[in-house]
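Peer 1: Sequence lines, in order, name chains Z and S. Anchor point for the first sequence: position 52 equals 52 in the numbering used here, and the numbering is continuous, going up by one each time. Anchor point for the second sequence: position 92 equals 92 in the numbering used here, and the numbering is continuous, going up by one each time.
The hints are simulated quantities; they were obtained by calculation from the structure and are not laboratory data. Careful: at least some of the hints might be erroneous.
[To be verified] Across the chosen pairs, the derived CB separations fall in these ranges:
1) S/35 / Z/148: 20 to 30 Å
2) S/86 / Z/119: 38 to 48 Å
3) Z/7 / S/20: 33 to 43 Å
4) Z/145 / S/35: 21 to 31 Å
Cβ coordinates follow ideal geometry from the N, Cα and C atoms, glycine included.
Read off the chains here:
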Amino acid sequence: MAENPTLTWEDVAHRYGRKIYSFAYRLTGNPDDAADLVQEVLLKVRKGLDSYSPGSFEGWLWRITRNTFLDGVRKKQRRPTTPLPEGDHIDIGASPSPDEVLASVRLSDDVQAALLKLPYDFREAVVLCDVVGLTYEEIADAADVPVGTVRSRIHRGRSMLRGLLTWPV
Amino acid sequence: MASVNRVNEHLSMLMSCYLDGALTPRELDEVVFALETDETAIAEFRRIQEVRRTMRLLPLLDVPAYLLPGDHLNEQLSAYLDGELATLEMPVVSAHLATCMECRRDLAELDKSRIAVRALPGLEPPEFLDVHRDVKQHRRRGLRTAIAVASGVAAVTLAFTVGPLASEQTPVAVSIGDLQSRHTAVASVSSGAVAVQVSATP
Ligand SMILES: [Zn+2]
């Protein structure tokens, strides 16, 4: 996604709202935290869109999102996470087949639990890559680390997840 | 898990990157070569692939609707000030106000207009107040008159920052206690705007 000077904050909300929400949800397992994050990020986007200078919009947005999220975590000093509600909200009409979607619902509780056991840096990298769908460069930009670090974090995150997840026989 | 033949960590990382299309041409050669020649590498590759696929099957979650921008608030603003908003509407309106500067400004202006009207019953709007002054042209037809009446009143205790209207006008005596009691709802929503607590009903 390139720079888009005509993007309004409403556009951002509709285009990125679910991703921002899912990002926080997957990192915390907590819907309230996720909702708080969306609200705060949209407010910052609204305030900052005028001053946003051309560059990677994704990088800008996710840097704001990540920093806001981490500020929130620091402020709240980590309250215990709550379990996922029954199933997830499923995006009907998305590309996976119904079977895959059903399987993912059954799995998602386990996956969420496993994610929460990863060190934050690994969890964040995997979520930004696999859930949000950012490229390694965008993740590096958002997290302000070299791409090499991103590669290693994603790899180590996945390795740990492999050990944590129980696979069907 | 096979502990006998393990792929080295570096190759394993390259295979993870490979799945994301994040390899240099040279690294790509390295991975392709391993996958063509090494059974253990293939097994490792499949495991990484499976983890990645599992993560990618996690659905994107729907944002609770009240967090997304809807239409701007119009009639709801009056109801909101009067405490007559339906319970169900409350989170929607609060969340909108938390992120929408325009509606917050309108709310503040509407509020000032009411204070003015109540404090000075029967008074005609002074001529020096331009009726159309400072009111956004693209909406708020109905609010204009009321807001124009109000523009002579300084913002007294509104918790959020009001736009340019408030500053240079003559204040009118208003009981702060009265103001505050009428605006507890406003204040709880607007303290910092960021900190609005809205229950996350799915
Ligand atoms: Zn609005």
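Peer 1: Let me make sure I understand: some of the numbered hints might not hold for this structure. Which ones are they, in numerical order?
Peer 2: Hint 3 contradicted; others consistent.
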